[in-house]
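Student: This is what each chain is made of:
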Amino acid sequence: MKRLVVLIVTLAVTLVSTPQTQAQESATIQALATVVSALTITGTNNLNFGNVTPGTPKLIDKQTDVGLAGEWTLSGNPTAELTLDFTLPDSLRTASGSAMVVSFGITDASLDDGSGGGQTAPSSILNPLIVETRNIGAGGALTIWIGGQVSPTPAQTGGAYAADIILTVTLTGN
Amino acid sequence: MNCKLAIAFLFFLLIGTSAFAQPIVTGVSDLAFGTMYPGVPLKVDKASASAAEFSITGTAGAEVTVTFTLPTYMNVSGYTMQMIFFNTDMAIDSNPTPNQLAPAYNDLDPWQTQTVRLGSAGLTVWLGGKAVPALKQQSGSYVADIVLTVQYTGN
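Chains B and S supply the protein sequences, listed in that same order.
Numbering-wise, the first sequence is residues 1 to 174 according to our numbering.
Numbering-wise, the second sequence is residues 175 to 329 according to our numbering.
No wet-lab data here; the hints were simulated from the structure.
Among the clues, some could well be false.
[Claimed, not checked] Cβ-to-Cβ under 7 Å is the rule here; a few derived chain B residues that face chain S:
1. Gln24
2. Glu25
3. Thr28
4. Ser124
Glycine included, C-beta positions come from ideal geometry on N, C-alpha and C.
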């Protein structure tokens with residue numbers, strides 16, 4: 001009997017002295033990061049001249065012709081420097097090969113790096129005839145627009161004309 | 175008779191010991207680096223809204239050890255991205271109204287076990303860190319586990 005009492009008291013003392021040190025708990029959270037491509041550019045709108053009348057040139061303005069000017073959207077590392085190099089056609093063509101002259105002037109492109117007011121009040125004018133150097137906006141975005149002019153001849157053949165306009169963007173590393 | 179008394183004593187002790195609250199650790203916020211670009215490291219400060227946050231509750235005034243198990247890489251589909259935790263990337267506040275910008279215990283080393291006392295509302299723990307994508311880091315959503323373990327010291 002005496003041993004039993006000693007055993008119980010010993011057990012009790014052990015319980016009193018250790019309960020807190022035995023209590024342990026863990027919780028897990030996660031570290032999360034999304035790595036995106038260093039540079040992504042997407043053609044978001046075609047340069048659309050719509051219906052054109054033979055013998056009557058038609059101009060699409062990069063700023064005022066919202067929805068008709070050509071547009072690219074670019075995303076990348078904020079403030080990274082890049083070059084913008086347009087490859088421009090000299091004519092639009094039908095599937096059967098008929099050509100219609102298209103031309104671009106030295107102020108026919110523009111961009112907004114987020115510091116401007118969008119297409120109608122871009123932050124910078126671009127010359128699409130040369131390679132321009134600019135920076136991605138502080139928000140990691142850049143939008144570029146281009147206008148141009150088609151000059152159909154009086155005898156221009158009817159049909160749907162098209163040509164590729166290519167914008168090549170290269171990070172300079174600066 | 176003595177035996178009955180001893181059993182009764184033990185019974186009351188068992189009831190008494192159960193009053194010590196088990197520490198409860200809750201992950202409140204992930205360590206969120208957001209969008210990153212190859213070759214561009216990004217540091218999340220422990221005082222920022224993107225820092226990791228844990229909440230600890232238990233017996234007020236009790237001493238506990240707080241130990242992180244930290245990853246060295248984040249992962250996605252077999253790809254890894256290096257992580258760095260500096261020796262000042264951890265902070266703890268024991269105040270009832272935790273202040274992330276001015277915690278009671280600041281600039282702690284998350285690689286070391288920290289010993290602190292639970293406040294009346296427990297503890298809040300914050301953790302910052304740095305992710306270092308390589309120049310040709312694979313695109314994707316990278317994830318790593320951060321574990322916080324809390325244990326009473328008995329003091």
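Student: Indicate, hint by hint, whether the structure satisfies it.
Tutor: Hints and how they fare:
1. The restraint placing B/Gln24 at the interface with chain S holds, with a minimum CB-CB distance near 4 Å, inside the 7 Å limit.
2. Checking B/Glu25 against chain S by beta carbon gives a least distance of about 5 Å; that is within 7 Å, so the hint holds.
3. Contact between B/Thr28 and chain S, as hinted, is supported at the beta carbon level, the nearest pair being about 5 Å apart and thus within 7 Å.
4. Taken as an interface hint, B/Ser124 does not check out: its beta carbon lies about 22 Å from the nearest beta carbon of chain S, beyond 7 Å.
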